[in-house]
Structures are given as structure tokens and as C-alpha cells.
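Trainee: Listed below are the residues making up each chain.
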Amino acid sequence: MTDSIKLEVSRYRPEQESEPVFQSYEVPLRKDWVILDALNYIKDYVDGTLSFRWSCRMGVCGSCGMMVNGTPVLTCATFLEKFAPGPIRVEPLANFPVSRDLIIEMSDFMNKLKSVKPWIIRKEEKPVEEGEYLQTPSQLDDYKQYSMCINCMLCYSACPVYGLEPAFTGPAAIALAQRYNLDNRDKGQSQRMEALSTDEGIWQCTFVGECSAVCPKSVDPAGAIQRYKVAATEDWWKSVLMPWGKGK
Amino acid sequence: MENNSSVQSKLYTRKVPILWWMHRWVDIRFITRELTSIFVATYAVIFLFYIRSVSQGAEAFAEFSEKLSSPLLIGFHVFALAALLYHSITWFNLAPKAMVIKIGETKIPGLLIALMNYAGWIFISIVIGWLILNS
Amino acid sequence: MKKHTEPFWWSLFGAGGVLSAFFLPVLLFLTGIAFPLGWLEGPSHEHLQSLIQPLISRLLLFGIITFSMFHWAHRFRFTLEDGLQLKRYDSLISVACYGSAILVMLFTGYSLWNF
Chain Z
17 MTDSIKLEVS
27 RYRPEQESEP
37 VFQSYEVPLR
47 KDWVILDALN
57 YIKDYVDGTL
67 SFRWSCRMGV
77 CGSCGMMVNG
87 TPVLTCATFL
97 EKFAPGPIRV
107 EPLANFPVSR
117 DLIIEMSDFM
127 NKLKSVKPWI
137 IRKEEKPVEE
147 GEYLQTPSQL
157 DDYKQYSMCI
167 NCMLCYSACP
177 VYGLEPAFTG
187 PAAIALAQRY
197 NLDNRDKGQS
207 QRMEALSTDE
217 GIWQCTFVGE
227 CSAVCPKSVD
237 PAGAIQRYKV
247 AATEDWWKSV
257 LMPWGKGK
Chain G
552 MENNSSVQSK
562 LYTRKVPILW
572 WMHRWVDIRF
582 ITRELTSIFV
592 ATYAVIFLFY
602 IRSVSQGAEA
612 FAEFSEKLSS
622 PLLIGFHVFA
632 LAALLYHSIT
642 WFNLAPKAMV
652 IKIGETKIPG
662 LLIALMNYAG
672 WIFISIVIGW
682 LILNS
Chain S
20 MKKHTEPFWW
30 SLFGAGGVLS
40 AFFLPVLLFL
50 TGIAFPLGWL
60 EGPSHEHLQS
70 LIQPLISRLL
80 LFGIITFSMF
90 HWAHRFRFTL
100 EDGLQLKRYD
110 SLISVACYGS
120 AILVMLFTGY
130 SLWNF
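Protein chains in written order, with my numbering: chain Z, 17 to 264; chain G, 552 to 686; chain S, 20 to 134.
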């Protein structure tokens with residue numbers, strides 16, 4: 017009889033309960049199993065009604081984020097053994113409304129992401145005949161870190177400000193805005209500035225730093241936000257001291 | 552994906568407890584860091600009164616220095632110094648995150664920027680100390 | 020964009036953070052601990068007068084004290100609003116915090132002008 021470990025999983029079935037409840041499951045404590053393996057074991061052999069999101073199971077799709085013992089993690093990258101002898105508490109990502117069981121409603125994040133225009137913005141596209149846009153390794157280096165974001169939303173769960181201020185744009189969206197702002201092919205800084213340098217945009221951030229601590233891809237959204245604060249502040253002072261400024 | 556209103560209305564929103572920062576060490580450390588600003592302000596005001604006492608003459612200055620020697624105030628200053636040191640250390644450690652400086656193509660490592668801040672801190676402290684102590 | 024005043028207060032917060040981080044610890048250690056406890060010989064009244072008197076000294080001291088106050092004001096405002104969930108009183112809290120800093124700034128300016 018192999019070792020087993022108890023998972024206390026948050027269940028929420030809107031059709032039968034008004035608030036989440038915990039349900040316990042014993043799963044095999046296998047050395048090579050991650051939390052996601054345990055959840056799939058539950059779904060396959062114990063309780064087929066358990067609902068949760070997952071996809072690649074290798075830490076690149078960003079689907080399987082959940083709270084494990086109060087910390088947001090990718091469940092495909094978190095080993096059961098780490099928590100032995102348990103029990104392990106598994107809950108949906110914090111700071112998002114719960115849709116069902118471990119599934120959260122993420123449209124707020126999707127809207128925030130859209131609001132920062134996460135694509136290359138140019139006034140004029142170069143015609144194909146003129147060839148490619150050129151980018152040196154150093155220019156790539158300027159934004160590469162921020163391009164590693166997999167939209168897993170762990171940072172939103174870790175951010176106390178997002179929990180308190182739903183209007184806050186949030187770590188990943190701002191990091192992704194920076195990914196484009198710092199890309200030498202992009203000319204959209206001022207467009208994004210209008211959306212971001214609002215009281216809710218970036219200025220709610222108090223540099224707690226938890227977003228960067230939980231990021232599974234080392235994006236360092238906290239750093240991206242502080243750099244953006246500096247850029248937005250420089251921009252603001254320029255507009256105050258030199259209101260005649262350059263056109264866009 | 553449909554936006555089914557009956558599904559939407561059954562979404563469960565978890566409340567954030569008022570004293571949310573008391574539950575994890577990470578958050579307690581964060582709030583402590585933020586509260587150091589109280590000691591920054593308090594000492595700034597005390598320092599202002601120290602300067603004012605100098606302005607008001609030798610007697611006023613002696614009286615103020617006397618007050619500063621009370622155990623209560625010394626105790627406060629010891630605690631405040633700890634707070635100020637925590638402020639300075641966390642500030643210098645985080646400062647490199649806000650400014651990424653490149654010389655040509657090379658990024659200056661964050662550690663180096665932090666070390667330069669610490670070096671500047673030590674230098675300024677020595678200079679101030681020397682100015683005050685060197686009658 | 021100009022309507023958003025957050026960048027302005029954040030600038031003051033940042034300047035205050037820098038000045039307070041660099042200057043206040045040594046000043047506090049000397050004036051509040053080392054001299055009162057007699058660890059180091061305190062400066063004479065005349066010496067302090069001669070140090071503070073020059074315009075550049077007074078400007079520096081004005082900067083250190085004033086920006087430290089604005090550093091506190093901005094940070095404390097957010098600490099209250101996030102720590103105790105008082106965001107709905109932001110207008111009131113902002114006036115109280117930045118207002119106090121402005122009052123201290125005026126008092127500091129007055130004190131150093133008449134040094």
C-alpha cells in the first residue's frame with residue numbers, strides 16, 4: 017500500500033450551494049506527481065464532477081494556476097511531495113470570482129489586457145518591398161523578459177492591491193504593455209500612456225513585489241511597473257513644463 | 552464563449568478581510584516597510600525642532616538637548632533608527648528595479664546599482680558625521 | 020493627462036525616499052542617540068550655527084525635511100487606504116496627508132528663513 021496524501025479541494029457548484037465548501041480526497045503520494053496529477057487522478061477515479069482548467073501540463077500555457085496552501089502556483093509545476101505529510105489545500109486563484117469549483121472568471125483580466133493594446137502599433141506599416149524590421153540582440157534584450165508572460169494570472173492573485181482595487185490594471189497587463197513599449201518596432205507608447213497613466217492604471221501599485229515573487233516565468237512585472245511609473249512621470253513633467261511639446 | 556447571464560449571476564466573489572495583511576509574513580513585512588514612513592516624518596519634525604532650538608540661542612539649544620536625553624526619547628530614537636535603516640535598506644535594494652541604465656549596449660547589473668547606492672549612503676553619512684563632529 | 024496628479028505626488032514621494040534614505044539615519048543616530056548618550060562629544064552651539072547658517076545648508080536642510088514629509092504623506096495615504104480599506108475616503112485622507120506635509124514645509128521654510 018503506497019503512501020497517500022489528503023487534498024482539501026474547494027468545491028463550488030452554483031446550482032447546489034451558495035458558497036464554496038471544502039471536500040477532502042486521498043490521493044497516492046507518488047514522487048513524480050504534481051498537484052495537477054492528483055487532480056486528474058481525482059477526476060478519473062474518485063470524483064468525476066470536479067472541474068478545473070489545465071492544458072499543456074508543462075508550464076507554458078498558463079491554464080492551471082490555483083491557490084495551493086494559500087500561494088498561487090501552476091499546479092503542473094508543483095510537486096505533491098513538497099507538502100508531505102499534508103493535507104494540501106487547493107483553491108481557485110484569489111482575487112477572481114469563482115465560476116465553478118477551481119475555475120475562475122477571468123474576463124476582467126482579458127479586458128485589462130486588451131486595454132493596453134498588446135500589439136505592435138505603427139502609424140505606417142513598412143511596405144513588404146522595403147524588407148524586414150531590423151532588431152539587434154541588444155534591442156531584443158530590452159523587452160524580451162516581458163515577452164515571456166504566459167498570462168497565467170498568478171500575479172493578479174498575489175497582488176494585494178488588485179484584491180482591494182478591482183480597477184487596477186494589474187501586473188501582467190502592465191508588463192505586457194512594457195513588452196511593446198520597449199520594442200523598437202513599436203510606436204504606440206503615447207496611446208498606451210493614456211490608458212495606463214490613470215489613477216487606476218498604474219498608480220495604485222505600491223511595489224509590494226509579490227507579483228514578481230510568484231511569476232513562474234521570471235517576468236518581473238513589479239520592475240516593469242516601476243519603470244513605467246518613471247516613464248509616465250517624466251512624460252507628465254514634460255507635459256506640464258513644456259506644454260507646447262512635440263506632436264505624436 | 553457565451554456570456555450566459557444566469558451563469559454570471561452565480562459567480563462567487565470572495566471578500567478580502569479588512570486586516571488582510573496580518574495573515575502572511577510576506578504581507579506583514581510589506582506593511583512594516585510602509586509604516587517606516589511614519590518614523591521618517593516624525594524624525595524630520597524632531598530634526599526641524601532641533602534646528603529651531605539652535606536658531607533660538609545657546610540656552611534653548613541646551614534645553615532641547617536635555618530633553619533629547621530623556622530615556623523615553625532615546626528609546627524612541629533607537630526604535631526609529633531601526634525603522635529608518637529598514638527604510639534605507641529596502642529602498643536601495645528596490646531602486647535598481649525602477650531604473651534600467653544602459654551604457655551603449657550593456658545593461659548595468661542591478662546589483663551594481665544597489666552597491667553604488669550603498670556606497671553613496673556610507674559616503675554621505677561619513678561626510679555629515681565629519682562636518683558635525685569636526686568643531 | 021495633466022488632470023492626473025498622481026505622477027506629481029509620486030515624484031515628491033520618490034525624492035523624499037531618496038533624501039530620507041541617504042541623510043536621515045546618520046542625523047538621527049547622532050542627534051538622537053550618540054550625543055544624548057554621550058557616546059560621542061556633541062557639537063557646540065556655535066559650531067552648529069556656523070554649519071546651518073550658509074544658504075546652501077539651509078536649502079539642503081529644507082529639502083531633506085520637506086521631501087521626507089511628502090514621502091511620508093504619499094506612502095501613509097496608500098498604507099491607510101490599502102491596509103484599512105479606506106479607499107472611499109481618499110479625498111479626505113489625501114488632504115490630511117499632503118496638507119500636513121505642506122504645513123510642515125511652510126513652517127520649515129519660515130524657520131530656516133529666519134535662522
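Hint data in this document are derived by calculation from the structure and do not stem from the laboratory.
Any given hint could be a false lead.
[What the hints assert, rightly or not] As a list, the in silico EDC-like pairs of lysine to aspartate or glutamate whose alpha-carbon atoms are at most 16 Å apart:
#1 S:K106 <-> Z:E42
#2 G:K658 <-> Z:D157
#3 G:K653 <-> Z:D157
#4 Z:K22 <-> Z:E42
Trainee: Could you run down the list of hints and mark each one as holding or not?
Mentor: The hints, checked one at a time:
Our distance criterion of 16 Å between C-alpha atoms is broken by S:K106 and Z:E42, whose separation comes to about 43 Å. With a C-alpha separation of about 9 Å, the suggested pairing of G:K658 with Z:D157 holds against the 16 Å cut-off. A hinted pair counts as satisfied when its Cα atoms are at most 16 Å apart, and G:K653 with Z:D157 qualifies at roughly 11 Å. Only pairs whose Cα atoms come within 16 Å are accepted, and Z:K22 paired with Z:E42 is accepted, the gap being roughly 4 Å.
Going through the hint list in order, the structure does not satisfy hint 1, though it satisfies all others.
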